[in-house]
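2 protein chains.
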Amino acid sequence: MTYCVGIALEKGLVLMSDTRTNSGVDNISVFRKMFTWSVPGERIITVMTAGNLATTQAVISKLEERTKAPDERTNSLMDLPTMFQVAIETGKLLRETVRHTQETNGVRGKGRFTASIILAGQIKGMEPRLFMIYPEGNFIEASQDTPFFQIGETKYGRPIILRGYDRDMSFEDAVKLLMVSFDSTLKANLSVGLPLDLMVIGRDEFAPSHERRIEHGDPYFDAISRNWGEYLRTAFHSLPDYSFFQDYDPDSAGK
Amino acid sequence: MTYCVGIALEKGLVLMSDTRTNSGVDNISVFRKMFTWSVPGERIITVMTAGNLATTQAVISKLEERTKAPDERTNSLMDLPTMFQVAIETGKLLRETVRHTQETNGVRGKGRFTASIILAGQIKGMEPRLFMIYPEGNFIEASQDTPFFQIGETKYGRPIILRGYDRDMSFEDAVKLLMVSFDSTLKANLSVGLPLDLMVIGRDEFAPSHERRIEHGDPYFDAISRNWGEYLRTAFHSLPDYSFFQDYDPDSAGK
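First to last, the sequence lines map onto chains S and B.
Here the numbering used here is used: the first residue of the first sequence is 35, the next is one more, and so on.
Here the numbering used here is used: the first residue of the second sequence is 35, the next is one more, and so on.
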């Protein structure tokens, strides 16, 4: 499994992905699921992938035209005029890769060999944009109402994002929020694992504003993980107490 | 979908279930998923169900021998000597019901018509016990290491239980913890809905210690829901801040 989140802020985009892949619980590997291409000063595009690893690696390789000799490659992501067209092209490659593997294996219907993609980036003269691309190649775009996308093992880490997100928050707070969300997921699900990849794309910077791999033993992530348990318990104990014997009266509650 | 949780404490057992069933998003109903039988002073048994509603209702009806005339019924749950045997019997009825529906419909394999059950209770002279019963009829029992079970839509509400649970906590705190867990789930998933059913089974009481239906507009649940968002944000902002420019040093962290 996998966990990737992309969130859109007023200031730009923040993306985080884990790196664990597993085929069964006894075949665990570390693979990068976040890929960034940029033309400094002109565009930056980041893709995060979840699902069948052969499918997602094939899509990334095709985006980079690795079927051609190195000096003949032209990464079309670098030429397409809009993020919308980048999403169309990425979706098309994803759909074709999934279909091809399904057809050559005589598999029909959903599930096998599928993958999902979060696409984020900005091209000069346009807004930063965030898309979620489905295995069928179609896609949706983040909006004011739905300003973040998750793929993979999304549920454990969703409540804290729903509650903590604010479009005007700082990049630093957004990174903190994602770390809490990832920590909750890691605590509950073995198929999501460290290290994590982090990418911050500031509005109109057209280059990574901040990029980092969070490894096992990272002092900041460990502090978040340790403190969050304690602060959650404090928050929990600050909630009004339940009583078996009398109905709760919000007006008389001292807290 | 459904969300049910059963947790074992030193003091006894606390159980909570939602009541929403849906067949598609345009066919939503309220059905009780928690059922309790007791012989005051001798035994109390509570069952919570998730999965196919026809299956779970059939299992409950068979437990109560509703195929017989009312005066010929003997609820075997009231006679079986141990909770382990109650789990065997309940599992057998569940497996048979699932298999029968699958076979009469020509369906094989997992998924269709299945259900899961959380079984909790105490019989005099023995400890309070908590089981999770699978559609195949086999089951596992809660332990010191795994002191709670969830069925249905389990993931959204799991991180807070993992972090807030303490075997020695009061019943009131356990109810509060479950309300937070349900609130997180309700906020994220339409298929889980109010009202909620609550049952507290105190050790050696052999009768419900506390029993309640939490309806829409319940002042306590609303207070939990409202305050939890705020307290979560406070907890979040108390966490050490992330910095793009310097490594985190736990020793110099002022908080």
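It should be emphasised that the hints constitute simulated quantities derived from the structure, not laboratory data.
Hints may contain errors.
It does not matter which identical chain is meant; a pair holds if it fits inside one copy or across any two.
[Said to hold, decoys possible] Below are the DMTMM-like pairs computed for lysine to aspartate or glutamate, each with C-alpha atoms no more than 20 Å apart in a straight line:
1) 102 <-> 275
2) 221 <-> 200
3) 45 <-> 245
4) 221 <-> 113
5) 126 <-> 239
6) 96 <-> 202
7) 221 <-> 239
8) 221 <-> 179
9) 96 <-> 264
10) 158 <-> 130
11) 126 <-> 113
12) 45 <-> 99
13) 96 <-> 249
14) 45 <-> 249
15) 158 <-> 207
16) 221 <-> 245
17) 158 <-> 179
18) 221 <-> 76
19) 45 <-> 275
Do the hints match the structure? See the list:
When the C-alpha separation of residue 102 and residue 275 is checked against a cutoff of 20 Å, the pair qualifies neither within a copy, at 66 Å, nor between copies, at 45 Å. Taking CA atoms no more than 20 Å apart as the test, residue 221 paired with residue 200 passes between copies only; the shortest distance there is 17 Å, against 25 Å inside one copy. Proximity of residue 45 and residue 245 under a CA criterion of 20 Å is satisfied intra-copy only: 16 Å inside one chain copy versus 49 Å between copies. Taking identical chains as interchangeable, the C-alpha atoms of residue 221 and residue 113 are never at most 20 Å apart, the minima being 41 Å within one chain and 41 Å between chains.
In this homomeric assembly, residue 126 and residue 239 never come within 20 Å of each other (Cα to Cα): the closest approach is 28 Å inside a single copy and 63 Å across copies. Taking the shortest alpha-carbon separations for residue 96 and residue 202, neither the intra-copy value of 36 Å nor the inter-copy value of 56 Å comes in at or below 20 Å. Neither within a single protomer nor between protomers do residue 221 and residue 239 lie at most 20 Å apart by alpha-carbon distance, with minima of 35 Å and 35 Å respectively. In this assembly of identical chains, the alpha carbons of residue 221 and residue 179 lie at most 20 Å apart only when taken from different copies (15 Å versus 29 Å within one copy).
In this assembly of identical chains, the alpha carbons of residue 96 and residue 264 never lie at most 20 Å apart, being 46 Å within a copy and 46 Å across copies at closest. Taking identical chains as interchangeable, the C-alpha atoms of residue 158 and residue 130 are never at most 20 Å apart, the minima being 29 Å within one chain and 64 Å between chains. For a Cα distance limit of 20 Å, the shortest separation of residue 126 from residue 113 inside one copy, 16 Å, qualifies, whereas the shortest one across copies, 63 Å, does not. Neither within a single protomer nor between protomers do residue 45 and residue 99 lie at most 20 Å apart by alpha-carbon distance, with minima of 32 Å and 64 Å respectively.
Taking the shortest alpha-carbon separations for residue 96 and residue 249, neither the intra-copy value of 29 Å nor the inter-copy value of 54 Å comes in at or below 20 Å. Proximity of residue 45 to residue 249 under the C-alpha cut-off of 20 Å is found in neither arrangement, the shortest distances being 26 Å within a copy and 41 Å between copies. Taking the shortest Cα distances, residue 158 and residue 207 never come within 20 Å of each other, neither inside one copy (26 Å) nor across copies (54 Å). Within a single copy, residue 221 and residue 245 get their C-alpha atoms no closer than 24 Å, and across copies no closer than 32 Å, so neither meets the 20 Å cut-off.
Taking the shortest Cα distances, residue 158 and residue 179 never come within 20 Å of each other, neither inside one copy (25 Å) nor across copies (55 Å). When the C-alpha separation of residue 221 and residue 76 is checked against a cutoff of 20 Å, the pair qualifies neither within a copy, at 39 Å, nor between copies, at 40 Å. Taking the shortest alpha-carbon separations for residue 45 and residue 275, only the inter-copy value of 18 Å comes in at or below 20 Å, while the best intra-copy value is 40 Å.
When the structure is compared with the earlier hints, violations turn up for hints 1, 4, 5, 6, 7, 9, 10, 12, 13, 14, 15, 16, 17 and 18 and for no others.
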